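Asks: For the record, the sequence lines run as chains D, B and X.
Going from the first sequence to our numbering is simple: count from 1 and add 460.
Going from the second sequence to our numbering is simple: count from 1 and add 118.
Going from the third sequence to our numbering is simple: count from 1 and add 2.
Just so you know, these hints were derived from the structure itself, not from any lab.
The structure presented is a predicted model; accordingly, all values stated were derived computationally and were not measured.
Hints are not guaranteed to be accurate.
To be verified - Cβ-Cβ distance ranges computed for the label pairs, FRET-style:
no., chain 1, residue 1, chain 2, residue 2, range
1, B, PHE175, D, VAL533, 45 to 55 angstroms
2, D, PHE538, B, GLY251, 50 to 60 angstroms
3, D, MET795, X, ASP202, 33 to 43 angstroms
4, X, ALA343, B, ASP210, 30 to 40 angstroms
5, B, LEU163, X, VAL51, 18 to 28 angstroms
6, D, VAL777, B, ASP201, 50 to 60 angstroms
7, B, SER258, D, GLU552, 22 to 32 angstroms
8, B, GLU206, X, ALA343, 21 to 31 angstroms
9, D, PHE538, X, ASP252, 41 to 51 angstroms
Unchecked claim - In silico PhoX-like cross-links for lysine-lysine, where the CA-CA straight-line distance does not exceed 20 angstroms:
no., chain 1, residue 1, chain 2, residue 2
10, B, LYS209, B, LYS133
11, X, LYS72, B, LYS227
12, X, LYS53, X, LYS189
13, B, LYS209, B, LYS272
14, X, LYS72, X, LYS111
15, X, LYS53, D, LYS621
16, B, LYS133, X, LYS72
17, B, LYS133, D, LYS800
18, X, LYS68, X, LYS349
19, B, LYS274, B, LYS284
20, X, LYS349, X, LYS103
21, X, LYS349, D, LYS800
22, B, LYS274, B, LYS209
23, X, LYS316, B, LYS303
24, X, LYS68, X, LYS316
25, B, LYS272, B, LYS284
26, B, LYS211, B, LYS303
27, X, LYS68, B, LYS227
Cβ atoms here follow ideal geometry from the backbone N, Cα and C, with glycine treated the same way.
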Amino acid sequence: MTEYPSMESLVRGLIDSGAAPAGVPAWIHQLLAMLIFGGIVVFGFVLPIAGITTWVERRVMGRIQSRIGPNRVGPLGFLQWLADGVKNMLKEDIVPSAADGPLFRAAPYVVMTGFVGSFAAIPFGGSLIIADVNVGILYVTAVTALVVVGILMAGWASNNKWSLLGGIRSAAQIVSYEIPAGLSIFPIVMLAGTLSMQGIIRAQGAAPWAWYLFDNPFTFVAFFVLFVSALAEGNRTPFDLPEAESELVAGFATEYSGMRNLLFFMAEWGNLYVIGAIATTLFLGGWQIPWALDDHPVLRNALQFGVFFTKSYAFVVLAIWLRWTLPRIRVDQMMEMCWKYLVPIALVNFLGTATWMVLFPDGVAPVRWLLLLVAVVAIAAFVRRVAFHIRYARLERRHLSFNPLATARSPG
Amino acid sequence: MTIAMGFGIYLRNIKDALATIADGMAVTASHMIRKPVTLEYPDRLPDGVRVQDTLPFRYRGILEVDLEICTACLACERACPIDCIVIEAEKDKAAGGLVMTRFDIDMGKCMYCGLCSEPCPTGSIHHTPEFEGADYSLESLVRRFVKAPTLAYKPKKSGEDDPVIKPILDRGMRYLAEFADPDAK
Amino acid sequence: MGLTGFEVEVQRETEDGGFVTEDMTLSMGPQHPSTHGVLRFVVRADGEVMKEAIPDIGYLHRSIEKIAEKVGWHGFIPYTDRVDYVAAMFCNHGWTMAAEKLGGIEIPKRAEYCRVIADELCRIHSHLLSVGTMAMDIGAFTPFTHAIREREYLNDLFEELCGARLTFHYMRIGGVGWDLPPGWTDKVIHFLDRFEPIVDEYDRLISFNKIYVERLVNVAVISEEEAIDYNLVGPNLRGSGVSYDVRRDDPYSIYPELEFDVPIGRGEVGTLGDCFDRYIVRMREMRESCRIIRQCLRQLPDGPVIARVPRAFKPPAGDCYVRLESARGDMGWYVVSDGTAFPYRCKIRTGSFAAISMTQHVSRDLMLADLIAVIASFDLVAPEIDR
Numbered sequence: 461m462t463e464y465p466s467m468e469s470l471v472r473g474l475i476d477s478g479a480a481p482a483g484v485p486a487w488i489h490q491l492l493a494m495l496i497f498g499g500i501v502v503f504g505f506v507l508p509i510a511g512i513t514t515w516v517e518r519r520v521m522g523r524i525q526s527r528i529g530p531n532r533v534g535p536l537g538f539l540q541w542l543a544d545g546v547k548n549m550l551k552e553d554i555v556p557s558a559a560d561g562p563l564f565r566a567a568p569y570v571v572m573t574g575f576v577g578s579f580a581a582i583p584f585g586g587s588l589i590i591a592d593v594n595v596g597i598l599y600v601t602a603v604t605a606l607v608v609v610g611i612l613m614a615g616w617a618s619n620n621k622w623s624l625l626g627g628i629r630s631a632a633q634i635v636s637y638e639i640p641a642g643l644s645i646f647p648i649v650m651l652a653g654t655l656s657m658q659g660i661i662r663a664q665g666a667a668p669w670a671w672y673l674f675d676n677p678f679t680f681v682a683f684f685v686l687f688v689s690a691l692a693e694g695n696r697t698p699f700d701l702p703e704a705e706s707e708l709v710a711g712f713a714t715e716y717s718g719m720r721n722l723l724f725f726m727a728e729w730g731n732l733y734v735i736g737a738i739a740t741t742l743f744l745g746g747w748q749i750p751w752a753l754d755d756h757p758v759l760r761n762a763l764q765f766g767v768f769f770t771k772s773y774a775f776v777v778l779a780i781w782l783r784w785t786l787p788r789i790r791v792d793q794m795m796e797m798c799w800k801y802l803v804p805i806a807l808v809n810f811l812g813t814a815t816w817m818v819l820f821p822d823g824v825a826p827v828r829w830l831l832l833l834v835a836v837v838a839i840a841a842f843v844r845r846v847a848f849h850i851r852y853a854r855l856e857r858r859h860l861s862f863n864p865l866a867t868a869r870s871p872g
Numbered sequence: 119m120t121i122a123m124g125f126g127i128y129l130r131n132i133k134d135a136l137a138t139i140a141d142g143m144a145v146t147a148s149h150m151i152r153k154p155v156t157l158e159y160p161d162r163l164p165d166g167v168r169v170q171d172t173l174p175f176r177y178r179g180i181l182e183v184d185l186e187i188c189t190a191c192l193a194c195e196r197a198c199p200i201d202c203i204v205i206e207a208e209k210d211k212a213a214g215g216l217v218m219t220r221f222d223i224d225m226g227k228c229m230y231c232g233l234c235s236e237p238c239p240t241g242s243i244h245h246t247p248e249f250e251g252a253d254y255s256l257e258s259l260v261r262r263f264v265k266a267p268t269l270a271y272k273p274k275k276s277g278e279d280d281p282v283i284k285p286i287l288d289r290g291m292r293y294l295a296e297f298a299d300p301d302a303k
Numbered sequence: 003m004g005l006t007g008f009e010v011e012v013q014r015e016t017e018d019g020g021f022v023t024e025d026m027t028l029s030m031g032p033q034h035p036s037t038h039g040v041l042r043f044v045v046r047a048d049g050e051v052m053k054e055a056i057p058d059i060g061y062l063h064r065s066i067e068k069i070a071e072k073v074g075w076h077g078f079i080p081y082t083d084r085v086d087y088v089a090a091m092f093c094n095h096g097w098t099m100a101a102e103k104l105g106g107i108e109i110p111k112r113a114e115y116c117r118v119i120a121d122e123l124c125r126i127h128s129h130l131l132s133v134g135t136m137a138m139d140i141g142a143f144t145p146f147t148h149a150i151r152e153r154e155y156l157n158d159l160f161e162e163l164c165g166a167r168l169t170f171h172y173m174r175i176g177g178v179g180w181d182l183p184p185g186w187t188d189k190v191i192h193f194l195d196r197f198e199p200i201v202d203e204y205d206r207l208i209s210f211n212k213i214y215v216e217r218l219v220n221v222a223v224i225s226e227e228e229a230i231d232y233n234l235v236g237p238n239l240r241g242s243g244v245s246y247d248v249r250r251d252d253p254y255s256i257y258p259e260l261e262f263d264v265p266i267g268r269g270e271v272g273t274l275g276d277c278f279d280r281y282i283v284r285m286r287e288m289r290e291s292c293r294i295i296r297q298c299l300r301q302l303p304d305g306p307v308i309a310r311v312p313r314a315f316k317p318p319a320g321d322c323y324v325r326l327e328s329a330r331g332d333m334g335w336y337v338v339s340d341g342t343a344f345p346y347r348c349k350i351r352t353g354s355f356a357a358i359s360m361t362q363h364v365s366r367d368l369m370l371a372d373l374i375a376v377i378a379s380f381d382l383v384a385p386e387i388d389r
């Protein structure tokens, strides 16, 4: 297999081949180049994705609730997120007089750092990764945990008991759910033999039966454990107690207005993409495509980017779907679920995968096919249930009693 | 929360959670596919229909007074529980009857109850299907119906034959006919 | 924060290993997304666990009972809409029943049927809002929008019937204000045919969802004796297993001629008398109301819908107490007449007032999130509490 360089090695190669002017130390060139790449990724991908996810969420949420989402600003309301961004930037910046000034102002930036920092190691394609750190997945998990500090800062500095409650709940939640998330990553790392993100993807294949998801029953369950834990870490319903709207107004973000508020929520929506990226990398074969395409690097990278993006974004849509279906879990039930359900199951997965690897070093192909079949059957049963719901409760507009075309009367 | 939980209950909790969540997700998925029920008022209604034209005849919107058939009996002013109707009418021998100089309804106070339209003998004061009454000042909410001193209407025993007034009176009587009648069959 | 009378206690546990803790005093409301109306709770909490939640009412007091003495018998009916604007038909019905009892007026049969149809449609209307907001408070926003969508269809039905969508002013002393418009009964049956499967779908979406059930079972369990002692009524009382419904046990209007069941909580999921039981009683009551409306539409007689009542209505001096089963329970109207065209005194007894008085007792050792569930399960509406 051809060696696919990462951006970092590309830059180093350029410097080594003498493309940089002499007299300036090489590390400055490297730093500047990496900053430029980082900037491109952040401003060209991360922030737009966070914004566009709000648009997707509002449209999907609207349809789930039998209504249309935003549809006036731009085609299909696509520019609504830009309008909201501009509005937030123009809003009055309110800092409560009794709030802890420096902490209050710094908290959104800490949260954004935790969120944006993870993109340094997210693989978008074969060679589209800023830095293929050899402890990639560990780095991503560690950096995303930085948001806890930011949320605690926000909760405390707001000088508001409701914010404090929200911040503390969130800290407890995120820290607790790191455990099952981490434990679910271990089976994959063992199977792949490396912590590097690209290494894990390369150890899988393009076809569904080559993904780690279907490798053995333990990784199958580990996938669900990881997804649930990641949702909890991202403060998404059913785990959105920190921002429980009907209880705490907006939880830790109650006192924030304008741009600071927007930064919090961009971090939340962007985090959905990070969750999707991690799940795709670990379980769904990442950017693997069925063709090698060694002679067409641009096409190859584009296809890989497309595949990776589609798989990751499917998780974003799934998280949105879950948010608007499920109610909220209470604090003590959330802790119970983490420690009594997810952690034991994750430990069983860990031990089970280790045992499986000892017993069947190359995996068992029939088991892979069987798991794939189970997934396909489950999806088919789900689709059948959806069709049943559509048939059972009719909701077309012609069944409305308010039908302007039917009840229009002549004026007078 | 008791710690000792049977393994059967543990597994059943997991199974219940997955089953009910999957069913809930199926319901929301079915909604994603169905057409939304939103009617995009006011600028994207189907066929450019005005909502006001689709409202039922009994709809209690903004009050309107057809001064041509108002008899200045002041029944509406007396009936209003919130005193939002102010009428000034005086007997004028020269003009040949009651002359109204003022008929103001303060829509800011009106609670759209309809008590004024029930006792009206001709149906001159009635609710219209108009509901878009928002404006920028409280003053503009007061509807002043009398522009110049107007002679009150006198209902004719033999029925109205004036071609201008007859349709208005018919409409007013039709409005009154909607109300419950103690002598109905 | 204006906490005169509610001192913050500083508890100093001095036994070995004890923490020095301070109770946190939170003020939930009056502006809060999930207190149903303008209510305020002063919550003393030790972190997440509450010691007590003391309700503070009066933010929505509009002196409606005093206004009755100023506007007269007929003029007060629109004001009764505002006593409980979520279930306005019942308030109209209560006042007109009281006035008719005082004045000795017999109303025609068709008028009684119209009243019951309107009442039961309004019960569905109110319960939809109640279960919708309850789901929203627990965190599921979608069932709320579905409930509001169904309420929109009901609003259209009411609009055709009486011209308004919230403050109906449908009933008059002596009957009702308008007869059923032509074609309306078909629309009602069409709505009911559509509505019953949607209630089932609503159940599948949220009622038995494991997370929702876990939030509501075993929370604020109210035993039968407690419910009766604290004067709970309506679905709150029936959720605790007490089978009492004014429509069946102290019937008024044409309810003796109708066949319907009274759903009570049975504790099938969780403990008898918890929040879930009160919720499920409301869901079942919606189905029973559909049944009642169908019967009424089948048995509807012909005739006038209003008796002849003078515009200057002067009932003889005296007092009366009428009760009816509103969406929130037993609603009592005590009206005193002094023989003039203006009532002497009107006193309204509402179910939410008793329920909110129970909140303090029930909120001991609950979590903050449970307080929201309790308020929602009691179906409190602030206008009814404060009037």
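Asks: Now look at each hint and say whether the structure bears it out.
Replies: Here's how the hints hold up against the structure:
At about 38 angstroms, the CB distance of PHE175 of chain B to VAL533 of chain D disagrees with the hint of 45 to 55 angstroms. In this structure the hint that PHE538 of chain D and GLY251 of chain B lie 50 to 60 angstroms apart at CB is violated, the actual value being about 35 angstroms. Separated by about 34 angstroms at the C-beta atoms, MET795 of chain D and ASP202 of chain X satisfy the suggested range of 33 to 43 angstroms. Evaluation of the 30 to 40 angstroms hint for ALA343 of chain X and ASP210 of chain B yields a pass: the beta carbon distance comes to about 31 angstroms.
The hinted range of 18 to 28 angstroms is not satisfied by LEU163 of chain B and VAL51 of chain X, whose Cβ atoms lie roughly 52 angstroms apart. The beta-carbon spacing between VAL777 of chain D and ASP201 of chain B, approximately 57 angstroms, falls within the hinted interval of 50 to 60 angstroms. About 31 angstroms separates the C-beta atoms of SER258 of chain B and GLU552 of chain D, a value consistent with the hinted range of 22 to 32 angstroms. A hinted range of 21 to 31 angstroms for the beta carbons of GLU206 of chain B and ALA343 of chain X is consistent with their spacing of about 24 angstroms.
The supplied range of 41 to 51 angstroms is broken by PHE538 of chain D and ASP252 of chain X, whose beta-carbon atoms lie about 60 angstroms from each other. Of the pairs offered as hints, the one joining LYS209 of chain B and LYS133 of chain B is violated, with about 84 angstroms between alpha carbons and a cut-off of 20 angstroms exceeded. Between LYS72 of chain X and LYS227 of chain B the CA atoms are separated by roughly 16 angstroms; this keeps the pair inside 20 angstroms, and the hint holds. Distance restraint check for LYS53 of chain X and LYS189 of chain X: the Cα-Cα separation of roughly 51 angstroms exceeds the 20 angstroms cut-off, and the hinted pair is therefore not satisfied.
Using a Cα cut-off of 20 angstroms, the hinted pair LYS209 of chain B and LYS272 of chain B holds, with the two alpha carbons roughly 13 angstroms apart. Proposed proximity of LYS72 of chain X and LYS111 of chain X is contradicted: the alpha carbons are some 31 angstroms apart, above 20 angstroms. At most 20 angstroms may separate the alpha-carbon atoms for a hinted pair to count; LYS53 of chain X and LYS621 of chain D meet this at roughly 16 angstroms. In summary, the hint linking LYS133 of chain B to LYS72 of chain X is not supported, as the alpha carbons are separated by about 62 angstroms, beyond the 20 angstroms threshold.
Between LYS133 of chain B and LYS800 of chain D the alpha-carbon distance is near 15 angstroms, which keeps this suggested pair within the 20 angstroms criterion. The straight-line distance between the Cα atoms of LYS68 of chain X and LYS349 of chain X is roughly 9 angstroms, inside the 20 angstroms bound, and the hint therefore holds. The suggested pairing of LYS274 of chain B with LYS284 of chain B holds, with an alpha-carbon distance near 11 angstroms, which does not exceed 20 angstroms. Between LYS349 of chain X and LYS103 of chain X, the direct Cα distance comes to roughly 15 angstroms. Compliance with the 20 angstroms bound is thereby established for this hinted pair.
For the proposed pair LYS349 of chain X and LYS800 of chain D, the alpha carbon gap of about 54 angstroms is over 20 angstroms, so the pair is violated. A hinted pair counts as satisfied when its Cα atoms are at most 20 angstroms apart, and LYS274 of chain B with LYS209 of chain B qualifies at roughly 19 angstroms. Between the alpha carbons of LYS316 of chain X and LYS303 of chain B the distance comes to roughly 27 angstroms, so the proposed pair goes past 20 angstroms and is violated. Of the pairs offered as hints, the one joining LYS68 of chain X and LYS316 of chain X holds, with about 18 angstroms between alpha carbons and a cut-off of 20 angstroms not exceeded.
Distance restraint check for LYS272 of chain B and LYS284 of chain B: the Cα-Cα separation of roughly 13 angstroms lies within the 20 angstroms cut-off, and the hinted pair is therefore satisfied. Between LYS211 of chain B and LYS303 of chain B, the direct Cα distance comes to roughly 43 angstroms. Violation of the 20 angstroms bound is thereby established for this hinted pair. Note on LYS68 of chain X and LYS227 of chain B: the hinted pairing holds, with a Cα-Cα distance of about 19 angstroms set against a maximum of 20 angstroms.
The structure shown violates the earlier hints numbered 1, 2, 5, 9, 10, 12, 14, 16, 21, 23, 26.
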